[in-house]
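With chain A held as given, fit chain B onto it using these hints.
One letter stands for each residue in the lines below.
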Amino acid sequence: MSAPDVPTRGPARVAPYLISGILVAIAIVMPLTVPLYARATPALWGLPFFYWYQLLWVFIAAGLLAVAYAIMRKEDRRRRDAVRGQEAGR
Amino acid sequence: MSAHLLAAATATGAHRPVNWTALIIVIVLFVLVAVIGFLASRWRTDASARGLHSLDEWGLGGRGFGTWVTWFLLGGDLYTAYTFVAVPAAMWASGAVSGFFAVPYTVVLYPIVFVLMSRLWSVSHRHGYVTPADFVGGRYGSRWLSLAIAVTGIVATMPYIALQLVGIRSVLTVLGLGSGSNAFMADLPLIIAFVVLAAYTYTGGLRAPALIAIVKDVLIYIAIIVAIAYLPAHFGGWAGIFDAADKKLSATNPATGAPFGAVIPGVTGFNAYWTLALGSAMALFMYPHSITGVLATKSRNTIRRNAVYLPLYSLMLGFLALLGYVAIKAGTNPVDTNGAINAQLVVPQLFLDTFPSWFSGVALAAIAIGALVPAAIMSIAASNLFTRNIYRDFFKKDATPKHEANVSKLVSLIVKVGALVFVLGLDQSSAINFQLLGGIWILQTFPAIVAGLYTRWFNKWALLVGWAAGILYGTITAYDVVNPATHAHFGGSIAAFPGTSTTVYIGVTAFLINAVIAVLGTLLLRAFRVKDTADATRPSDFGADEDDPKVAEIERSEPLLEP
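First to last, the protein sequences are chains A and B.
Numbering (numbering that gives the first Met the number 0) for the first sequence: 0 to 89.
Numbering (numbering that gives the first Met the number 0) for the second sequence: 0 to 562.
Zero decoy hints are in this set.
Here are some chain B residues pointing at chain A (derived, C-beta under 7 Å):
1. 106
2. 107
3. 110
4. 113
5. 114
6. 236
7. 263
8. 264
9. 269
10. 306
11. 313
12. 314
13. 317
14. 537
15. 542
16. 543
Just some of the chain B residues that point at chain A, by a computed CB distance under 8 Å:
17. 103
18. 277
19. 300
20. 310
Rather than coming from a laboratory, the hints here were simulated on the basis of the structure.
Computed from a predicted structure; not experimentally measured.
Yeah, the Cβ is synthetic: ideal placement off N, Cα and C, and Gly gets one too.
If we strip away everything but chain B, and leave its shape as in the complex, we get:
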């Protein structure tokens, strides 16, 4: 999601008082969620499966989530706390192009999911694949291509987890915590929250965020329905709100000499708008945590049914985005503990300013818990990638399922500590920069994964070179985008399409370069008759459903048949 919303500092000196009522509500709900998280390891598990001694059990919740659980799980997984904080923040700071594109993004997402994900589910079910890199490794018979997919997934996920911490931190800040003089004491609530999260993810695996997601979604729907029903009328109706937004955004930004943004994008913003939406939609289900949610479902059609129901969250996201404009009209002043304006605080601050403390507590708890769910799933997905596609493929080929589960549990702890150190050690804007880069990077795994679902035409080395070229172009181009106000690199995710002055999402350009190289490389290697035929999958795998036998079972029942 859009970055660089840290507006210029205006020192107003800010020691925030602690809002005790809201804080106590947040703590009570947090404790409730922690209890649920620890009980989750006993949810839908046989006595024999206690302890979750395989990745299917720990990392994919037993591969048995039906339509409703999946709806909550994926809703909690995809619409993260950071999204809830950053999208309205972007609307508040710079308007539609950097904020409201999230709506078409999460609309066109589901047709794409509908087409692709049931095939990925089928082939993964047949072969027991746990990660996207497992599939790529099996399809192309290449552990190097698989490694590239796995490393991209892990590296792109880490800053995403870190940003969930940024989401929690924004809640803690408006509650009045974190302004203590002692740096360790200021960060202590965040550390406690993450230690508890790490503990129940370790014991409960994917079942923990799946159960917690239900609580979180109920809270967040209540908060948003009340906010949308009450706030616009309270601040004089939508027409007045949009007038105020238009007035603020069309004012001239002294740093650039151009307006801050626009309520309705001008012609020059059209291509940025739709490429951001399309590129982000293509990227989202390449993220390991999204694929984890898909592979945890029970049957081939579960994800398709969810593609019909999940857009309800997109509607909610759209209204939440509009709260950014409501905050403009309301005159919300999001002052951080250091006295600077921090746009990320705008929605939590709006709730705290407008609603009674107890209701703000519910809304803020929803945001904070909303950060825990994706953080748990992301750490599970990243550790599964490490275990299957780095540890098993390169170091211990004969790892048993139980050994794999133990490694994954341990790595999930390391991943979370890494994210915590990232947020505490580096500044918030580098987490945002890396997340911006992560989106561009993860999109470069699209050709290998998606083409592999339909054809084995592509050469594995051509795909690898295309991937490398896309990553290289994306990284360099994103580095070269300079923020006009702060003169920092990684100033945004749009740049001119090569050879034109049309600005588009960098990820989409990198993806095109990647795909063109993969096609040309394959043609070239085929012209030289380079052999590349290894493929563990078969056409029937891509249409298999839950009641079709798995490959392991077929091989057991007909071991003597040679082709």
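Only chain A is shown next, with the shape it has when bound in the complex:
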């Protein structure tokens, strides 16, 4: 490599990554915890719990990811601006 590594983003903050990480982890672990939902009752419109619970998680997981996306987009912009501000000041 000839050119030096010019950072594309400034240093990360812990909090946004931690919060997004927890949201993402919930969206992975909850739909996979089978003992929580492997039962027939309470049924909804004739659908056993096993089925409507898993379909409900389609929405919950998407919602969690939407929040995580908003957080990450903000943090990503902040990190990018940090680098660009530096360049402008040089």
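Coordinates of chain B only, in the frame set by chain A:
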């Protein structure tokens, strides 16, 4: 997706009459899609880019797809026709464990995509990587590891393309084609469909399936929304449907002495259920066709936004799976042309039995076109792998972008002919067996690709040995699974975890073996101070966005700076 749904033959003698109304609708929509496919090469291309003379243009659609196009493209790419046919078929034949796991699978898929894929996008954008093997080759400085990733990708993709043909064939069968006495005439519609597909993929590259995906998705959403709004009420409500499913599945299978399946899995099925879902989710975005869809996007955040919107397809898949139970209640009788029961036909047959011919035509066309989109993307992805990581790396290091594009276009034709020969020459169940194996194999590329996105700690040889061990274990174990009814090998994708009687997805066990060997091997090689430091990437690459300069540009602007 789950395999071995070909239930025991019950000869009822079946010459299917041709359903002309439905057939004409299918043909009209197919012609419409073909026209779109041929026009696609002119879509969003500058005059200078006509002819698509680079892999960025031909194989990645110009690397400029925004959120909406990507949503349709990936939706059409990941939720294949075979999925639409096989998941309800599995529900119909054996219930939740082999069918409904597709729902948690496609739910946990997106958190994984959200975390991993923007990093892969960034580093690939910076370095102009077209395939996952390009990234692995650059990251580890090893064309052998890169070759292993590329070959795994190609071999796993081929049967997947073949299964798309199985999806089209199931549609043609219920339409009444394919029961002719002459074998060539019976397969002719399938051959024509594939020749047309091959032609517009050749001229339009990734733009063709991207445009067609929009048509296909509109059709499939219409078909499923109508089916879900109408069918449950028509057959007496969900409660009655689940009662009928429970009654059919809890009956004793004479071949095994155990029930056919269960509406709600018992305790012994829990680990199979979640490992199938997790392992499949980890594997899906290691497939070259998924990564092609990711790398074709415009910016770092496009794929993340899509991780929020794409689950709408998972909801649709969930309802489609439930149509398998609706078919039980409806008494659908999926008889193949040879008179045997073929579970794969259950959803097309349900539509044809219940709806007017013209609407069945729309639904069946949606399934058939839904097979063309992933087949096109898969063949593009496989030929890109061949061109970049086998042809260029091992035979012609100085290949120009135009030469690469020409090779890739040609190989995409060969790949499709290969898949066609596969389906026509071998029986359908071997295509399913190989696809089952393909899922296990592709999961073995996860450690090298995903670890590489975060760290260069792993030794390239340790990763290669881990990969080989995972493939070996997965193949042998899958071979040893015997179908209790037919006594055939490759009878399923779950087996006991070594040393226990707990049954889990074979791919997950193989992945654990692979990862443990990669870690231990790296520690061992480090203890002996084996040098392994080659790395073309730099930390800044993994966070780069569309407006950051590409590596080629940086090197042009500062060529004299030495480290």
